Structures are given as structure tokens and as C-alpha cells.
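Enquirer: Residue numbers (this note's numbering), protein chains in the order written: chain A, 1 to 315; chain B, 1001 to 1525.
You may find that some hints are simply not true.
To be verified - Stretch-level coverage of chain B by chain A, calculated; a stretch enters the list once three of its residues show a Cβ under 8 Å from a Cβ in chain A: (1) 1081 to 1091; (2) 1102 to 1115.
Said to hold, decoys possible - Non-contacting residues of chain A with respect to chain B, defined by C-beta distances greater than 12 Å in every case (computed): (3) VAL212; (4) ILE225; (5) PRO232.
As the list claims (entries may be wrong) - One side only, chain A facing chain B, incomplete, derived with CB under 8 Å: (6) SER60; (7) GLU63; (8) PRO237; (9) SER240.
Simulated from the structure, these hints should not be mistaken for lab results. Keep in mind that this is a model prediction, so the values were computed, not measured. Ideal Cβ positions, reconstructed from N, Cα and C, are used throughout, including at glycine.
Letter by letter, the chains look like this.
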Amino acid sequence: MRVLARRVLHSLISLLAVSMLCFALLSAAPGDYFSELRLEPGISQQTLRAMERQTDPRRSLAERYVFWCESALRGDFGNSLSYHLPVASLLSERIANTLMLSAAGLFGAWVLGLALGMSEGWFASLVRVFTSLLWSIPEPVLALVLLLAALKLHTLAPLTVPTSEAGWSLAHFQSLAGQLVLPSLAMAIGYLPVVIHHVQRGLVAAREAPAVEAARAHGLPYRRILLHYILPEAANPLISLFGLGVGSLLSASLFVEVLFGWPGLGQLLLNAILVRDTNIVVAGVLCSAVMLIAGNLLADILLWLHDPRIREVAQ
Amino acid sequence: MKPVLSIQELSLDYRLSKGKQVRVLRGTSLAIGQGEAVGLLGPSGSGKTSILRFILGMPSPGAETRCAALQFEGRDLLRMTARERHTLRRNRMGVIFQDPLSRFSPFRRISRQVQDVFPRRYSRIDTLRCLSDVGLADPERIASSYSHQLSGGECQRIAIAQALVSEPSLLLADEPSSALDTVAQRHILDLLIKVRAQHGMAMLVISHDPATLLALVDRILVMRDGILYDYDPPRSTLRGSQRSIRSKEIETEVPLLEVRNLRLQHGSSRRWRSWLESHQPHPALQGVNLAVRPGECVAVVGGSGSGKSTLARCIAGIDAPQAGVIYFAGSPLLHTRPLLLRAHLQLILQDTVGSLNPRLTVAQILEEPLRIHQRRPTMSHIQSSVQKDTKDRINRALAAVSLPVEYSERCPPQLSGGERQRVAIARALVLHPSLLLLDEALTGLDHELQQSVLELLGALRAQMGLTCIHFSHDLSQMLLVADRIAVMDEGRIVESHPAAEFSRAARHPASLRLLDAMLAKPEER
């Protein structure tokens, strides 16, 4: 328990550091949201000044940061300058979309990766060739090929923005799932080689472990050797990899979101950075950081559950 | 009597890199009768384990075996499929491996791993009974433990229990006791003798130690030049032959190495750091005093955790002591020391797998210290002569540890444990050190090899006045080797006596414990 408490404390400190760094970097960058609007001939000076007055009066960086921290603790991340909406509600919707997409992708990649990676004999070599082939193709190209294939097959329905306002009826869920298939497949294929590679590597090493050899020498049933000796032996690095995957759920899907027009966090953040919509950027980066930390924490907890030696060291 | 196992015309090649092959066995035959115990004796790297794995049907990687006939209980094993061999292992054969700790999965409780071996139905009571049958006093605790929570001796007992579950007609044991400390070794041997009397199965025991085999088996075969011969035990080993000449030399002289009040605590000294790391700081050295005269051979003997290795590491300059001084030839040694001094103090470690770079060939491993310690001349004609000299020194070092020159092209993974240890010794000798620190350096070697290394060290001592400090747990061996024995316990040297008088003069409980363990060891016949 003390270990867990320490980990959470560490996480909070790193979150604080991330938010500070984010704030400092953004204010160090030249210009702000209005500097480009000023160049726009269609907007009068009065309008601009009125808009500026609506935002915070100019205060020092530290003051703004403390003020932001206070409101962030209350769950208020300020308003977006370009959307004129509270950042919290804007983000939560986008985050839900992105999570849906990348969780489906991650899940698919791991299921496929474990199944293919655990194969043996000539099929394993085939998988290895396939993996290196897949690895050498850039992700956007893969996604484009998928998109093209879908268009040829006429299965691509126009993307409607999935919102929770439509209610969670079965029909809505079905249409959502239908639309999720292609982009999440693109994500899964992008991530697949990494998973397969690590699964294969881990299993090759685990099959030669002394404990596994002893199990074979005792003539245990094959299935039991695989499930109770080889897989646990190979699991530790895979658990860490899985944690990393969970951690990058919010940040890994940018390409796919842009290509498929998926209204996720990545697109929103990209636009916000381009127009310097500070509140969105800070909150978005913070959410990614939280996800990353949560993913690592999850991996640590899983490792703790899986490996009795880690439990012992921790106590 | 119909044999349980018979092997005919077995030959075995090891495939090396670049298509080379080494012939290990050349058409040798072996038969084991019902209830007979046969020992297989041979130096490390002679292919003992490969024979055992061939019998099991799990050939070692890189080994090529050919065999005219392999019969087990009248069935031809060579005609069987892999799956049939697997079932046979489950029902008719039992195996015990060398390194018991690593042969258990760290993720599965011992009770589960024992239950896995049971053929069909089992209950917890069966498991507990089979654990208590092998002399484990507290089966409940053992069953609910993980392997890393147990000692090597306990793990080996569990392994024996696993091997006995199926009532095998043949028990194969690969160095069943050599990875254990002396006390546990004795217990395991006793247990195996008892088990054999109870179950009456045939046994094939592999070992590099004749004493182990003599205690255990009816008949010993020794591997020499790829053929198995009957073994004729020698009358006496090396007891008292070369020693005792040099005990009364040089009385008062400046010690080559003197250690004064050396202290070291593991873990960080800062409070908040140690809180974060949640370790209890454990003092490893608590004021060690030791003086070694030039040409002397001192053995620092103690149980595991007594701080021997830490002391060796401090003297070698790997660990920095927190207090105390080390004097070398009269002048204090700092933790950061000049290259020249480092060449004079060489450390040989027990774990050769970890201390040799697996990617370098033996020649490169031996060349590396020479390259580091010789400033490389830039003029080409000198360069060529230096290269020749380097090659010369490498070959001489290899010859000194009796490794053939062909080995210089192999890499450590292609060597056996004993051969790797010899390479490690050669690497230390190649620099002509004046002080050699051996941290359990003889532990992994087989009997003959230990003797040849000891003879070699003796010769070097005579030639160039080499000084040795052995750090070891094995008192019986050190009594034969060293001039003086210093006993270490809980981070201190508790007493020190000349080797000849040690058994009479020792008073401290730690020394008495070591003497007890030594006496309990099987008497060498």
C-alpha cells in the first residue's frame, strides 16, 4: 500500500510539472490568440479590443498559473477562445470519441498479436515475414490503402459525429460500431507489428527457460506447459508494453483521426495549437499526461499481481 | 539381467559457428540394469549433460547425435514420436537437474508445480505427503511458497519429490548436489541414498565430483577421449603433497596488502533515499582487519552473507569503503587508482556467465586487458612486434589454464562452465598480477580442474611470488590450498590461524560451524 501511495504521489508531482511546463512553454511562444486576428483585415480594432477585454486582464504568468490551478481543481478549465465553449465539456466529448477509437484499436491489436505471435512452426516464420513487411510500411499509407479499399467496396458510410445526445439505443450503437471498424482497424494494423514482435521474442526466450525445460522433462501436458509455465515466463515485458499502449491511448491516434475525419482529441488539439487556443492546449496535454501516468500505474499494478517476486520486493 | 536402459554406439558432435564441429563422443555404449545405479564422471564440457538430454529425448541445441540403438524397458526409443517420448517421460522416467532454484517457475506456487506432475487425480494431502517423504519438515509452508522464497536445498528436495511421483523405473540426476552448499549437499546425497533403497529404481547420476558418485552409485563410468571407461578410484588425491614446505618462511616483512578497519554499508547513506528505496541498510563490512604477506596464500572463509564478496570488491576497487584504509605494498590505496596498480590486483569472480562478454571470442577477451594496460605505440614496426607479443602472451595464458589454442576463436556461450572459469582465470593471469583475488573462483570447477588450477597457481607463486587471497565457503578445500585461514562472520574477520593448526586452534562459533559442515561431508575414499 505504501508503494501505491508513493506511486500516486509521484504521479501528482509529475502532473504538476507537466502543467507548469506546458504553461511556461505556451507563454514563451511568441504571439497569442489575437495576434493573427489583428492581421485579419475583416475584423475591426473595436471588436478585437472588446474580445480581449472578455478574456483575462493581463497578469503575470505566475498569477495566471495559480488562478488556473485553482479553477482546474474545481473542474473548470476555462473557456475556449475559438469555440466559445467551456473547455471541459468540449474536451470530454472529444476524449470519449478518441478513447472509443484507440481502445478498439488497442484491443484488436493485442488480440490479433497474441494469436499470431503464439503460433509455432512454419506459420510463425510466415508471421515474422508479414510483421517486418507491415512494419516497413508507414502508418498513413496503410490507413490510406484501407480507406481506398473501403471506397472500392462501397462500404464506407458517411461519418456522422457520434454524440451521446442521440441516446444509447441499439441502432445508434450499431451505426457507431460500423463506423468504428475502419479507423480502429487502421490503428490496430499500425500497432500490430510491435505486439507480434514482442510476443514472439518473449515466447522464444520463455520456451528455453530452465523451469520450462524442467516441466517438459517431467512430461507435463503441452497445454499446461504453455498456459502455466511459458506464458507467465514471457508476460512481464508484455505487461509493460500493454501499459505503454494504454498510456498512449489519447495520443496515438492523430494520423488516423485526421485521415478518417474522426472528431477526436488529436484533431482538436492540433487546431488549438495552430490558433493558440491556450486553455484547450493545456487541458488537452494534461489529459494525455494523466492517461500516460494511469497506463504506467496500471502496468505496475498488473505486474504486482502477476509476479510474486515484485510483491516481495515491494513489501 | 535385462537392462532398463541400453545405448549402443552413441556418437555426439557439437556444431560450432562457421560450420566447424567438435566430436565429443565416438561410438560409446552404456547399459543400466534394473535397480542399478551408475555414475557418469567426466570433466566439464565432456558432454555428460548431452547424454542425459539424449536419453530424455530433449537434445541440447547445437548437439548432433547418432545412435545405433536406444532401448528403454525393451522399447525402441528411436522409433517413438516426440509425443510418445513426452508421455514416457511423464510415466516412466524421473529427472533431477543441477540448478534447483531456476528449475521452478517463479510465478506458480510450489504446491501447484508439484500437483502438475501427478498423472491424474491428486489431493492436497497427496502433495503434502510427497513433500514430507523427501524430508521437508514443514510441508504446509513449502507448498504455499514460491521458489524464490526457498533455499537451494529445499528446492532440490522438491525436485526429487517431483521425480518420484510417477514411480519411475529410471531416475536421471544431473549434478544433483553440486550447486548447493556443503551441508545441503550432504543432506541431498543422504536423501538420494534413502530414496533408492525405498523405491529400488535404476539411477544414472552425472557428476564431476568422484566423492559424490562414490557415495551414491554401484559403478562409475568415466568419460575420456569420447569413450566411457570403468573408473578406478585413486588412493589419495592431493593431500599434503606440495604444501607444508612454505609455511615457515618469511616471518616479519612489510605486508603486500593490509586492510585496516574497513567499513561499508550497503544502500544509500541518505535518509530520504533509503526511505524511498524501502530497504533496510545492511552493514556488509564492520571493521575488517587483514594483512597478507607477499607470496602468501590466504583464504577468507565464511558462510554466504558474511561479507566475503564485498571485501573482495573493496580490495579490487569496485566498491568504495566508507571508512578504513587499504595499504598495498606499504602505501594507501584510494578507491580511484592508477591503471598500473589495477593491473597488479586482479579479481576473478564466480559468475563467469556474467563476467565474460558473450559477443567476444576468447582471444579478444584475453587481448582486451593487454590493450587497455599497454599504451599503444603508433609506429608500425613496433606495432607488429607488440602484436606478436600480445599473441604470445594470450597463447601462454591459455596454455597455463590448459585450454587448447583452438578455443581462442570460440565465444563464451560455446564453452562449458568449467571452461569459462578457466578463461576468466587466464584473463587475470595475462597481466602478470602480483595479487590475485579469487571470489569463489574454484567453486564451479570439477575436481581435476580444481587441482590443475591449484597446481598452476602454486607454480605461479613459486615463479613470480604471486600472492593469492581466496574468498570461499568451502573450508575443506581451503585447508588444502591456503597457508592461512581467516574466518569471516557478519562483516568481521573473527579469527585467523595457519592452515595446519586451524582445526585445533579454531574457537569462534562461526569457525566451528564451518568445521562441522566439513566433517559432515562424505569421506573421500
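Enquirer: Confirm or reject each hint.
Expert: Here's how the hints hold up against the structure:
1. 1081 to 1091: With 6 residues in contact (Cβ-Cβ under 8 Å with chain A), the coverage given for the stretch 1081 to 1091 of chain B holds.
2. 1102 to 1115: Holds: 8 residues of the stretch 1102 to 1115 of chain B have a Cβ under 8 Å from chain A.
3. VAL212: Violated: least Cβ distance 8 Å, not greater than 12 Å.
4. ILE225: At about 9 Å from chain B, ILE225 of chain A fails to clear the 12 Å cut-off, so the statement is violated.
5. PRO232: Given that some Cβ of chain B is not farther than 12 Å from that of PRO232 of chain A, nearest at about 4 Å, it is violated.
6. SER60: For SER60 of chain A, the interface hint is violated, since the closest Cβ of chain B sits about 33 Å away, which is over 8 Å.
7. GLU63: violated (32 Å)
8. PRO237: Since the shortest Cβ distance to chain B is 14 Å, the answer is violated.
9. SER240: Interface hint status for SER240 of chain A: violated (16 Å vs cutoff 8 Å).
In terms of the numbered hints stated before, the structure departs from hints 3, 4, 5, 6, 7, 8 and 9, listed from lowest to highest.
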